[in-house]
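Q: Listed below are the residues making up each chain.
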Amino acid sequence: MAKAAEKLRGANRRDVMLRILAAVPLNYALTALLTVWLARILPGGPAQASVGATLMSFAIFALIAMLCFAVRSTAKLWLVMVGAGAALALADWLLILWGGRL
Amino acid sequence: MAWLHTWTGLVLGWLLYAIFVTGTSAYFQEETTQWMTPEIGSIAVDSDKSYAAAADWLARKAPGATEWSIYRAGQRAPGLQLYWANGPDAPADAPTEARLDRQGREVTARDTRGGYFLYRFHYDLHYINWYWARWLVGIAAIAMLVAILSGIVTHKKIIADYFMLRLGKGQRSWLDVHNASSVLFLPFILMITYTGLVSLATHYMPWGIAANYADTDKFYAAAFPYPDPPEKSGPAPLAPIGPMVAAAEHQWGTAAGGVRILNPGDRSAQVIVSSGVDNSLSARPRSLTFDGVTGRVVGRHDPSGAATTTEGVMIGLHAGRYARPVLRWLYLLSGLAGCVMVASGLILWTVKRRTRLADPDKPHFGFRLVEKLNIGAIVGLPLGIAVYFLANRLLPVALAGRADHEIDSLFLAWLAVFVWAAVRPPQRAWAETTAATAALFAAVPVVNALTTDRGLFASLAAGEWIFAGFDLAMLVLAAGFWAAHRRIVRRAAEETPRRRRRDAAPA
Chain A
40 MAKAAEKLRG ANRRDVMLRI LAAVPLNYAL TALLTVWLAR ILPGGPAQAS
90 VGATLMSFAI FALIAMLCFA VRSTAKLWLV MVGAGAALAL ADWLLILWGG
140 RL
Chain B
194 MAWLHTWTGL VLGWLLYAIF VTGTSAYFQE ETTQWMTPEI GSIAVDSDKS
244 YAAAADWLAR KAPGATEWSI YRAGQRAPGL QLYWANGPDA PADAPTEARL
294 DRQGREVTAR DTRGGYFLYR FHYDLHYINW YWARWLVGIA AIAMLVAILS
344 GIVTHKKIIA DYFMLRLGKG QRSWLDVHNA SSVLFLPFIL MITYTGLVSL
394 ATHYMPWGIA ANYADTDKFY AAAFPYPDPP EKSGPAPLAP IGPMVAAAEH
444 QWGTAAGGVR ILNPGDRSAQ VIVSSGVDNS LSARPRSLTF DGVTGRVVGR
494 HDPSGAATTT EGVMIGLHAG RYARPVLRWL YLLSGLAGCV MVASGLILWT
544 VKRRTRLADP DKPHFGFRLV EKLNIGAIVG LPLGIAVYFL ANRLLPVALA
594 GRADHEIDSL FLAWLAVFVW AAVRPPQRAW AETTAATAAL FAAVPVVNAL
644 TTDRGLFASL AAGEWIFAGF DLAMLVLAAG FWAAHRRIVR RAAEETPRRR
694 RRDAAPA
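Sequence lines, in order, name chains A and B.
Mapped onto my numbering, the consecutive letters of the first sequence carry residue numbers 40 to 141.
Mapped onto my numbering, the consecutive letters of the second sequence carry residue numbers 194 to 700.
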């Protein structure tokens, strides 16, 4: 009985750690990739797009951070975040490759 | 999500409290600086004539400079601030700044960083590298943004909390104070947190710029132009500055905030007149560039892009430089509510846990540590600020490195409160440090009256409202801390007999 409770607490602690890692470092990486993508696709010229994307980045970060603690499955959370990050990284790389930078 | 709020709130709360206290004081930065330089009275600036007089002064004192800049710190700041970049012939230790009155006479005041120091502390901290300080501040700010947003989402009775303030009921009251100050001022706190992050956005999120610019300088040149002086090409007299400032002010319909003169006395000279940032909601100035020899307009910059305008307004909202007196006091009130929100949350942490302790008379180490750090953090900083103001009046005017000593005295006093809290029982430490803070704030007007001719009554009689207002604000702060002290003493008196009774009861 006590052992089962301890096991549960251990699993819970691991789950919390995974969510914190997703909500802070992984979230920052994903937000950065999303900000780069927005800066490439927003209208109004490169300077305006860069500033606009940067302005939105903090709302994006806060939203993802909240989702990290709201969704039920930690495994699915990581899967979606890493998948979205990989897709965005590829998109960013291609956009910069084709369009170049100033 | 409640535990996340509790633990991140505690760790970052101490830092957030310091940011809120010093940031709130910055809404009266100019007034604080003026009080801390009592040698300078309220000197109004008489726009184009004052700039012209300043340019004449620079022509006499810094003729070989590659750049002069003349700034008005704002409508509330006295005089003009001058900076210049000396040419290659000047000795390395030649002066590079001065302060002038409206007639172009140099004014000298005691060496102090004034209200500017408190303003800078709220995002650069002190004694540590500014780069990492800004990251610490940013982490606290983004954590607070998440805490606020998750608080709104999970909050079950946000409207009821507007009207819920039950005082004198221990833990319930601290929770009510924490909720009331957070919910009532929620729009302000949400605004100030987001716009604070935006103010240092490129520090925290440089990737938006990196997406489009391999060279960051190209971004700044495009978005916020600040040209360097061109190559010199041979002497030529500088055209009068006064008409250029007047022309720019006429075109904008608002006062100029600064003039930069690149390569004065050269054929390549340029004069860039910028609008004052306290004239508009946006923190980004407009500018007109004149040929320095012919005086003709050769360029203009009007921030007009949707994103840069939004950014400028966000930073403007955060800094509140545009705010006229009534709004400025509302900013102060909202900032104080932020301080109360963080402080009451920190206190709530201990109050809530005290009831769950196995033996309330012998709390475990973690609890004692938080309780003591709370005293040092919450009372220590205001006490340190009172000492900072006192040091401004008491340190000898001619002391070398005076400005740094003023700042050191703030942190020494703050440290002393931590030490005091460490060695005294918490209840007593709360009572003693709040009383000391009240006494020190009350001492500020007294010491001011004894060391300068700008005492409260003299200032009231002379109609010097900034000096009188500052002294009165110190008295209000003293009264506030004294009221807190009285409450703590009364509660301790109520609790002692209760505890004695409980101890006397058979187990």
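To be clear, the hints were calculated from the coordinates, so they are not data collected in a lab.
Any given hint could turn out to be false.
Claimed, not checked - Some chain B residues flagged as far from chain A (calculated, every beta-carbon gap over 12 Å):
{"hint": "1", "residue": "G202"}
{"hint": "2", "residue": "W207"}
{"hint": "3", "residue": "P231"}
{"hint": "4", "residue": "Y276"}
{"hint": "5", "residue": "E290"}
{"hint": "6", "residue": "D294"}
{"hint": "7", "residue": "D304"}
{"hint": "8", "residue": "I341"}
{"hint": "9", "residue": "W367"}
{"hint": "10", "residue": "T447"}
{"hint": "11", "residue": "L562"}
{"hint": "12", "residue": "V563"}
{"hint": "13", "residue": "A686"}
As the list claims (entries may be wrong) - Just the calculated beta-carbon pair ranges, DEER-fashion:
{"hint": "14", "chain 1": "A", "residue 1": "R111", "chain 2": "B", "residue 2": "H396", "range": "45 to 53 Å"}
{"hint": "15", "chain 1": "A", "residue 1": "A98", "chain 2": "B", "residue 2": "D601", "range": "20 to 28 Å"}
{"hint": "16", "chain 1": "A", "residue 1": "A98", "chain 2": "B", "residue 2": "A632", "range": "44 to 52 Å"}
{"hint": "17", "chain 1": "A", "residue 1": "N51", "chain 2": "B", "residue 2": "E688", "range": "30 to 38 Å"}
{"hint": "18", "chain 1": "B", "residue 1": "W323", "chain 2": "A", "residue 2": "R48", "range": "52 to 60 Å"}
{"hint": "19", "chain 1": "B", "residue 1": "F611", "chain 2": "A", "residue 2": "G83", "range": "44 to 52 Å"}
Cβ coordinates follow ideal geometry from the N, Cα and C atoms, glycine included.
Q: With reference to the structure, classify each hint as holding or not holding.
A: Cross-check of the supplied hints:
no.: 1; hint: G202; verdict: 14 Å, holds
no.: 2; hint: W207; verdict: 19 Å, holds
no.: 3; hint: P231; verdict: 41 Å, holds
no.: 4; hint: Y276; verdict: 27 Å, holds
no.: 5; hint: E290; verdict: 31 Å, holds
no.: 6; hint: D294; verdict: 39 Å, holds
no.: 7; hint: D304; verdict: 38 Å, holds
no.: 8; hint: I341; verdict: 9 Å, violated
no.: 9; hint: W367; verdict: 25 Å, holds
no.: 10; hint: T447; verdict: 24 Å, holds
no.: 11; hint: L562; verdict: 22 Å, holds
no.: 12; hint: V563; verdict: 21 Å, holds
no.: 13; hint: A686; verdict: 42 Å, holds
no.: 14; hint: A:R111 to B:H396: 45 to 53 Å; verdict: 35 Å, violated
no.: 15; hint: A:A98 to B:D601: 20 to 28 Å; verdict: 40 Å, violated
no.: 16; hint: A:A98 to B:A632: 44 to 52 Å; verdict: 45 Å, holds
no.: 17; hint: A:N51 to B:E688: 30 to 38 Å; verdict: 37 Å, holds
no.: 18; hint: B:W323 to A:R48: 52 to 60 Å; verdict: 42 Å, violated
no.: 19; hint: B:F611 to A:G83: 44 to 52 Å; verdict: 50 Å, holds
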